[in-house]
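**Student:** From first to last, the protein sequence lines stand for chains A and B.
So for the first sequence, the working numbering puts the first residue at 1; every next one is plus one.
So for the second sequence, the working numbering puts the first residue at 1001; every next one is plus one.
Derived from the structure by calculation, the hints contain no laboratory data.
One should not assume that every hint holds.
Said to hold, decoys possible - The following residues of chain B were derived to be distant from chain A, with all beta-carbon distances above 10 Å:
| id | residue |
| --- | --- |
| 1 | 1061 |
| 2 | 1070 |
| 3 | 1071 |
| 4 | 1075 |
| 5 | 1092 |
| 6 | 1158 |
| 7 | 1165 |
| 8 | 1167 |
| 9 | 1261 |
| 10 | 1262 |
As the list claims (entries may be wrong) - Label-pair restraints from in silico Cβ distances:
| id | chain 1 | residue 1 | chain 2 | residue 2 | range |
| --- | --- | --- | --- | --- | --- |
| 11 | B | 1078 | A | 225 | 31 to 41 Å |
| 12 | A | 18 | B | 1079 | 54 to 64 Å |
| 13 | A | 224 | B | 1025 | 54 to 64 Å |
| 14 | A | 46 | B | 1263 | 36 to 46 Å |
| 15 | A | 105 | B | 1117 | 38 to 48 Å |
| 16 | A | 136 | B | 1317 | 40 to 50 Å |
Unchecked claim - Derived EDC-like pairs: lysine to aspartate or glutamate, alpha-carbon spacing no greater than 16 Å straight-line:
| id | chain 1 | residue 1 | chain 2 | residue 2 |
| --- | --- | --- | --- | --- |
| 17 | A | 137 | B | 1288 |
| 18 | A | 137 | A | 231 |
| 19 | A | 137 | B | 1284 |
Backbone N, C-alpha and C define an ideal beta-carbon position, used for all residues, glycine too.
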Amino acid sequence: MRAPAAATERRRRIVDRVMTGLTLGAILVAVLPLASVLGYVVLQGASALNWAFFTHLPAPVGEAGGGMANAMAGTLTLIGLAACVGVPVGVLGGLFLAEAGGGPWGWWIRFTADVLNGIPSIVIGVFVYTLVVVPMKRFSALAGGLALGIIMIPLVMRTTEEMVRLVPLAIREASLALGIPWWVTTLRITLRTATAGVITGVMLAVARIGGETAPLLFTAFNNQFWQSRLDQPIASLTVQLYNYAIAPYDDWHRQAWAGALVLMAITLILNVAARVAGRQRVAGGR
Amino acid sequence: MSFHFRTGSRAGALLPPPAPYRPRRWADGAFRSLLTAFGLSVILLVAWIAVDLVGAALPAIRRFGPAFLWTSRWDPVHGIFGALPFVYGTVASSILALAIGVPISLGVAIFLAEISPGRASVVLSFMVELLAAIPSVILGLWGIFVLAPWVRTSVEPALSAAFGWLPLFRGPAYGIGLLAAGLVLGIMVIPIISSVSRDVLRAVPQEQREAMYALGATRWEVIRHAVLPYGRAGIIGAVILGFGRAFGETMAVTMVIGNRPQIVPSLFQPAYTIAAALANEFSEATSDLHLSALVEMALVLFAVSLLINAAARWLVSRVMRA
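The following block holds chain B by itself, in its conformation from the complex (with noise of 0.2 Å):
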């Protein structure tokens, strides 16, 4: 590129003013525009997912309606779908997810951020953000070979023996199921809830702790009385995430669930969820109708998903940025 610097030839002239310099403000801007054209990008893919998406799904909407999410027969042959039983699975494996790894997530997230010391933390924290880099397939594989026959020998029989008078609990063994679902789910939200609680934990301004103390307060009372309630929406928008994570996921809970699409009240057999729907039928969809009916189950993933995280970042914002 070049300078246009204008050299005082003639002496004694004032310099004028410096109109070489435009040529650079003009790049700049030419610059600007282009990174900001990148950025926008992002927003126009998310709208164009969104309209294509709703396009893709109209026939589906047209026929069903609403009553597409609420009724339960998914008929290929005779061209009937109503993804009650996918919703079902997905809603129930998500919050079994929840009911296991919110209780492990927060006491590592405590003990990281409040009670083990620093270089501890450090490699623990790296041992836990390595569970999410795990390729759900592997952890799929994991899930047919090694936790869901230990579901079937171990946990199961264990369940049904002490709260057999559940319905949760009831009706043979299978180990390939909800149960076995919620499990791989409970690992894979664990990472991201922790971390993200971890940091909210971090966030809490040192007063809070050090009044608490001055009061002879035991350090369990200062996470609980004082820690945890100042970053308790940070927390829920943790949480809210982590069952966005477990919403949407797919291939390790098509292996381990059983895609079977009823909705019975045992944990022990095999359910649906809209994820694996999709992996299984979409590429082997036979009508069009069929076709539309599982973008719609997509549409409802991705409508969800962003809510979720809407939500989660305007929870897990309003304790960091205080």
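Okay, chain A solo, but in the shape it has when bound (with noise of 0.2 Å):
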């Protein structure tokens, strides 16, 4: 026997407002980690904090206070060595499927790219280990940073070449007609015009790179001291922050919980300015 016409209508409309409430409950189960997260990182890290986290080297087990001064000097050091390496190759590769891209070949370093970046970060560390650790015998600085480099460079490359394509044709066509050949029309008036947000996609590449934790393991290794020789293994924040948080002591935990603040102030800074960056540059497009 067939329903009723009314209630079917009725019934349809109930599955149609479930079903949106059921889409609606997702999204909020979806952010509730993040505010989770975020909540316990600032609360946990805000009490662990202060001046000496920033300026002293980590202290011995049982012996309270430290700080991870090293390890951040670490990170910026791998960060520094990591944009040698992605940088320029992302920055050429970008502009090469920007502006010659069209081709086969275009498309597969797309797609090699978007391979690249699929790769677990920690398979990039077991290549650097056998390119660099092996011949050299010892963790270093370098390894580190090239590890982060290869992580870099797909990131560079892809957001160069959209941010490139954004250029009208027509700013390229106006210096070609002045007599400018292309090489100089490509680096001087279409690269700086998209110059913003070719450093939106390195912000954002830096932010990433910056909270890996895999690839470092086993390259640029860990210190609990100083170091400026680049061929000598090197602290980094995230390292740290993992040996401390499955360390057993609860003073280092207080410590990982602080590194995890820092840490996280230092991504969410960095993804929040790429974003209003991002926005006010196609605002200013439009």
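Dock chain to chain to rebuild the complex, using the hints, since each chain is given by itself in its own frame.
**Tutor:** Structural data, given as structure tokens:
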């Protein structure tokens, strides 16, 4: 027997409401862990954070206090080394994709960049280990920087491509019409117009590699002291945080939360800044 | 740089063909080659990674053959290596992550693409993407001190009370274990699955929806019968990408899965993944064979991530191109 039309109508409307409600629920469930992580990191981290954290070396087990000054310097060093690899390769490769990447090679490079982006970062660490650490016979900042640099390449490349593509064709044509060669036009007109966008992409890539731990475990390794030589093991915020988190000491757990707060703050600032800069650029382009 | 303009010095003479422009074309060609070289370096790099990993894994491949993947004795002391417990832990935790993450991600994608008004959608999209920006070591820290205790005291007792007749939910509640790893990974796959699916749903032509609305359908019926089927291939691609993300995730998993190489039915028990084994054992591998076996596991991760990305890109591009 068929249900009366009115009842069917009502059932359909109820199903519609329920499903809409479920999708809203999904959003809440997805945002909940974000709120919880941020909340705990801020609460636990703020109570553990003090000035010594930024200026002192790690304290030995059982001794309260100490900081992660060397680890923060280490992370900055590693990011600098990574940028030496990731920025030139990424930007020039991205320029190729945007300006000359229409053919089958462009397709393959785009595809491979996406694949490289999807390769687990620990595998990159293994690659750099066999490539650099084994011949050098020791862990080093150079190896860690190279691993992070490789991870950076596809990120910078794809954002550079997108940003350069946004530059209006008319600007290129105007430059070429003045008799300026293509290569000068590309570097000094096209790329310069897209500079803000490219920097945004680099910032996002830095935010990503700054939070990487896995590829550093057996490339840069760790160090409890200051280290200025690049061919020696170097500390990083993330590896230090990991070691402290899995250790059984309460003092170290507090340090780990403080480190998490610093790392989280840097990551969020970079992400939000990149987002805001990106929106301004798009709005300005319209 | 210099421009070699030839001005007509002799009045009345025709200008010669613009030979002086040649150096510029040469420079353009060189610059183009330079850009091409940097672009191609990515392909070279991935090929290099493959060759390098195969080379370093060769001793283990020669010694154990394909049985490496389905034997389960991992014994560095006696030099016998079988990766099955790690493969099992990796696959099980990834599947668990999808079971938790996919329904939530689809709900998020549908809400963002079909239901929410523009401005709210922008803010919520950003928040979900921020989830992806949390460094995984911080998620692991949160997993150890917040999630795992909650799983031990609330989730596992509740599950075993309700579904205790299933071997999956039997045994003592540890907190740290496969279930905690699945939860953390589930959180980590939400951003990628939901953002790719959202883009796929947005790429569905408006006519699909209008035709369905014209038949008097409710919004849910439009989504269910006109939008989702159209984007099916792309959504499957998004889920595969999520699997790839979960498969190779290292830090957060290492910190909450318990790191015990065993294959047991209970989700409450500790397990071990390939990536976690690499993180824990690589820098203190005792013998060359041990190291080679670990590299072979990295090679497995590499090969699987290659396949996953190829398949997913193909599926997503099928929808987005249309």
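**Student:** The structure should be examined with respect to each hint, and the outcome stated for every one.
**Tutor:** These are the hints, each one checked on the structure:
The claim that residue 1061/B is not at the interface with chain A holds, since no C-beta of that chain comes within 10 Å of its own (minimum 15 Å). Under the 10 Å C-beta cut-off, the non-interface status given to residue 1070/B relative to chain A holds; the minimum distance is some 22 Å. Distance check on residue 1071/B: its Cβ is at least 22 Å (rounded) from any Cβ of chain A, clearing the 10 Å threshold; non-interface status holds. For residue 1075/B, the requirement that its beta carbon stay farther than 10 Å from each beta carbon of chain A is met, with the minimum near 21 Å.
Annotated as non-interface, residue 1092/B keeps its C-beta farther than 10 Å from every C-beta of chain A; the closest such distance is 17 Å. Annotated as non-interface, residue 1158/B keeps its C-beta farther than 10 Å from every C-beta of chain A; the closest such distance is 17 Å. For residue 1165/B, the condition that its CB be more than 10 Å from all CB atoms of chain A holds, with the nearest at approximately 27 Å. Annotated as non-interface, residue 1167/B keeps its C-beta farther than 10 Å from every C-beta of chain A; the closest such distance is 27 Å.
For residue 1261/B, the requirement that its beta carbon stay farther than 10 Å from each beta carbon of chain A is met, with the minimum near 17 Å. In this structure residue 1262/B is separated from chain A by more than 10 Å, as the shortest Cβ-Cβ distance comes to about 20 Å. Between residue 1078/B and residue 225/A the Cβ separation comes to about 38 Å, which falls inside the hinted range of 31 to 41 Å. At roughly 59 Å, the beta carbons of residue 18/A and residue 1079/B sit within the given window of 54 to 64 Å.
Distance hint check: the CB atoms of residue 224/A and residue 1025/B are about 58 Å apart, consistent with the given range 54 to 64 Å. Separation of residue 46/A from residue 1263/B is about 42 Å and conforms to the stated range, judged on CB atoms against 36 to 46 Å. In this structure, residue 105/A and residue 1117/B meet the distance hint of 38 to 48 Å, their C-beta atoms being roughly 43 Å apart. Checked against the hint of 40 to 50 Å, the C-beta distance between residue 136/A and residue 1317/B comes to roughly 41 Å, which is consistent with it.
Restraint check for residue 137/A and residue 1288/B: the C-alpha separation of about 14 Å stays at or below 16 Å, so the hint holds. Simply put, residue 137/A and residue 231/A have alpha-carbon atoms about 10 Å apart, close enough for the 16 Å limit, and the pair holds. Restraint check for residue 137/A and residue 1284/B: satisfied, since their Cα atoms lie roughly 14 Å apart, inside the 16 Å limit.
In this structure, every one of the numbered hints holds.
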